[in-house]
Amino acid sequence: MTDPIIQVKNVSKIFGGLTAVNQVDIEVPEKHIYSIIGPNGAGKTTLFNCISGFYFPEKGEVLFYGDPIQGLSTNLVAWLGISRTYQNIRLFSNLTAVENILIGLHPNLKTNWFEAIIHTKRFQKEESGSVKEALRLLDYVGLKGYGDFLAKNLPYGLQRRLEIGRALANQPKLLLLDEPTAGMNMNETAEATHFIKRLRDELGITIILIEHDMKVVMGISDRISVLDYGTKIAEGNAAEIQANPRVIEAYLGPGGAALSEKYKKQRLSNAKSN
Amino acid sequence: MENEIRPPRRYKRSKLPKLVRWIFGLIVLSYFFWRLYTVIIVQNEYTPDIWVRLLISGLVIGGVYSLIAIGYTLVYGILRMINFAHGEVMMIGTFAGYFVFEATNAIRFTSSTGEITSLSNAQPFLSILLAFIVGMTVAATSGFLLEKIAYRPLRKAPRLIPLISAIGASIFLQNLAQLLFSPLVRDYKNPDLIARGQGWAITVAGARLTIPYTGVLTFSLSIILMFALYTMVRKSKLGKSMRAVAADKSTAALMGIDVNGVISQTFIISGMLAGAAGVMWGLHNGLVYYYVGFLPGIKAFTSAVLGGIGNIPGAMLGGMLLGMIESIGPTALGISYQLKDVLAFVILIIILIFRPSGILGEVLSEEKV
Amino acid sequence: MNKKLVSPSLKRGLTFGIVMIIFVLIDLDVMVATMLSKLFGANVIRGSIPDVGFMVLFLILFGMFVGWSTSSDDAKPTTKLFQALVAGLTLGVVLGLFDLILNQLIVTGTDVRKYLAALAPESIRLFLFDQGAISPLLHLGLFTVASLLGSLMKILLKSESASRFFKGVKSGYQGLQAKAQANTPNWVKKYGKFLLFLLIGLLAFFLPRIWGSYNNYVVGLVGLYVILGIGLNIIVGLSGQLMLGFAAFFAMGAYSVALLNAPLPHGIMLGFWPSLLIGILMAVVAAVLLGLPVMGMRGDYLAIVTLGFGEIIRILLKSDLLTSFTGGPRGIQDIRGPTLFGQSFSSDIDYTYIILVVMVLSIFIYKRLERSRTGRAWLAVKEDTKVAQATGVNIMTNKLLALCLGAAFAGLAGGIFAARNQFTGPNDHQLMVSMNILSILIVGGVNSIPGIILGAFTLKGLPEILREIENYRLLVFGGLLVVMMISRPEGLWPATRPNIEKDEGNKLKENGAPGEGGLND
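Protein chains in written order, with my numbering: chain A, 1 to 274; chain B, 1001 to 1369; chain C, 2001 to 2521.
Worth double-checking, as some hints may not be accurate.
If you only want the chain A side, here are some residues facing chain C, beta carbon under 7 Å, derived [to be verified]:
#1 79
#2 90
#3 96
#4 98
#5 103
#6 106
#7 109
#8 113
#9 116
#10 117
#11 147
#12 149
#13 260
Restraint ranges, calculated between C-beta atoms of paired labels, are given here [stated by the list, open to error]:
#14 B:1019 - A:246: 45 to 53 Å
#15 A:87 - C:2075: 19 to 27 Å
#16 A:139 - C:2008: 53 to 61 Å
Here are the simulated DSSO-like cross-link-like pairs (lysine-lysine), alpha carbons at most 30 Å apart as the crow flies [stated by the list, open to error]:
#17 C:2190 - A:125
#18 C:2114 - A:132
#19 A:31 - C:2507
Don't read these hints as lab results, they were simulated from the structure. No experiment lies behind these values; they were computed from the predicted model shown. For each residue, glycine too, the CB sits at the ideal point set by N, CA and C.
Given these sequences and hints, build the entire structure.
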């Protein structure tokens, strides 16, 4: 097993009196797809925000390749190679799709405003290179031909893809996807699942995923952890999580585990009697 | 694709801007204290009566600013827009009051004692009441029309658009008043009872000074109006709907609140306050011209921001504070009286640097991602 | 009759009636009649009263407009006529009542000009067609007929056959255009753009020599405001910071040139070009000093703080504190103009050249900035600051950079402005200047260079050309801003986003094989 690309150690985030994330530990090895699940308000997005620099956790450490990154401003986190998408899509809606991706390329480019005015060789080379790269990415996320549409005019599914495209432009090592299949129908969800897998397999990107759709989660995750009320209550692979009584209770309420046990038995006996 | 690892730079969130701000603030603050020390302790050439006089004029101006500032704050709280034409609404109120006093002054008759007197002197309370009622009504109407014509069609537009519309309305109203009433500066004809410059004589530390009647009227009336408004917003049904609309327009609409109606009423109320402030301004300062609303408008907006925009007690506090700063500040710091506006803006910048949401404004939690 | 039909028309008639009354009260009716008479070739002397026929013409046009706008688009012709009739009658009745009052004023010989400054007896007489007591009836009849006429016009022009006619004309025109496109020889396609630029360049060179100093003044003013507009656009349009005190940077440039280049108060006489450079530098320094402490503030707070900054600068320039240094409220006179190759280069023609060259340079710089990494970062910050930062854009440096570059343009324009007027004073740098520049942006179209030029022309050039409406120009300006925001918030000439994908595709087609390369190799 390779070294973990990101380690979240004992991280807590407190808003006023509310502990949104409570002493959570996560370790993600390279080239893994890691899912975080949990009921609404469990602190999943808050954890994402702690990793990507939006929030400064009160306690604990976030280590990227072993170096602490908590408290770095978000642009530095992006510069290090951590990209993210958002639960409710946040594109630069009055810019075109290509421009959105070009902005994603920002941390990789070096020319400054003065070079832009006098059009140095370096600027021209970098500019044409970045346009080509943006178009390549556009093609990669399946938006070829939509490049000159304003982001706000794209259909919902394509907006999700564009957001991923913008995140990929940064050449990330780690990609944080916040509910990438929310609001999609079954076909689109299947496509997106396949696409996420491709990202890992073809580009070698490590992916952390927040997702509510269990089919997606169980299908592609190498490892899953479950948050409830800000605390990590379980971690393991798909089968382990499915069998974990605490997880079932978190989703179905107290007594849920016994209930689910009962239904399982009932189904079994039904199957036997048939 | 080569996966080389970029080394994380080992520094925390950049502290530079914060540091610059604090240094900037500290320099200005220490300058202020140094000047205060020099003027009050070292030079010590002002007697207490001067300070009392400045305090009184500060309170009066502050009361007017507060009333106008409440208008800005109410509208901002509900529509998140700067009603740039609010100062012009006040100007309209000032003109309405002026015409009432002109009219009551023109009606002359022989009183029971046999001398010829005008209505405004025979019935001063009636004419003052009439001036306030007319001033407030006209200003409220213009506030209502302003919203309906210039802002309502822009409810869903990006923020810059209503602001420009407001700037346009402000320019339009100013120039309309100039064309209608000429650019002349006119005198307010106060009833003799509250003639300008007259007042109660008091003695402070051996020196005589007068508390002007107009000042007392202005200050007490503005306190009463502010109190009434505050109670209204806290207690009445309209106040509750206003707060609901301010919190979330679409949810308020779902709860059965007539959002457009509430917004109209907000403009009417802020127009009334501005109208009252306008008449007071006319009575106290005695001058009315098409440009009269502009500076008080800007100042009142500054006070609203100073107190924390969107917050009604904040607007009151900010107005009073700005009035005081303007009247006492130049003397206390020993700088030219011309620079009172500079002082007001510098204080605003300092306060915003240390408390970005104003004095009483809530510190907005970071927008949820 | 149907109440739903009557009441909107009634309201409309009432509204237009009030509008007309305001027109009369501010003497705008006489002004329009005068403009009409000028249009028909009458020799207009300032303050003269035009022929009564032009007043009738104006009122008929007004009534027709009321009828046109009252008839709803989707109604039947009879309904349209009915609506126009109601509106016209209402308008006539409202103005008829108003006429009675006006007539009373004339009869009793009361002069109300103490309160309503514009209401001169001659204007009233003109408005009443000099007919005294029967003028209310005349107005009633005139407005009703005119309103019906307007409605009739709408019915005719918007009818089926008319629209078919217009469509035919349009398609014919398009056909011609396509044909012309196809027939254009290759060399025109290739060098057309170049030739066009050459032509514009030649015009820009020769016209200022021909058309007199007044036109040069107007063109120079418009050009300066274009430069200012571009500067403010970098701050407001690209990086999304609402700046209301832009005139402060303008003042920095103007005062730098003035102080370093006038006999009083210092008599330094450094020369125009170096002092212009220092002016730009001073504006940038001011931007940094303003920007560092306030950069993190939210939009509206930033707006009021920058407004305050502008006022601080203006008041300081005016105050006794700096009188010995800046000349106080009287400003600085006799600013020396620029020289070129040892010769004076400061006639009005020369200034027009300077301004045009600087303007073209500004546009060039702006275009290059906009289509660069920096420009895109600014746009991202404007769209969504937090997400832009999480995408790797450094907010602080980019915002500050935008502020500094915008300020540099303002300093540049300010320096030229001061030298051209040979004077600058605190009143050149009022809040209204900042508002005007912002309005130019919004009216023309944010982020659109043709828009800014059009906006500068509309808001600064047109009022200069139409001197007759001088008294009314700010009124019209204010009203225009409101109307524009409601009917065309994207501006006269809205900006479009570049079609990068399409352009790249075309490039590939032209070059044959798709080029390899990119960042990922």
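Hints violated by the structure (numbers, ascending): 12, 13, 15, 18, 19
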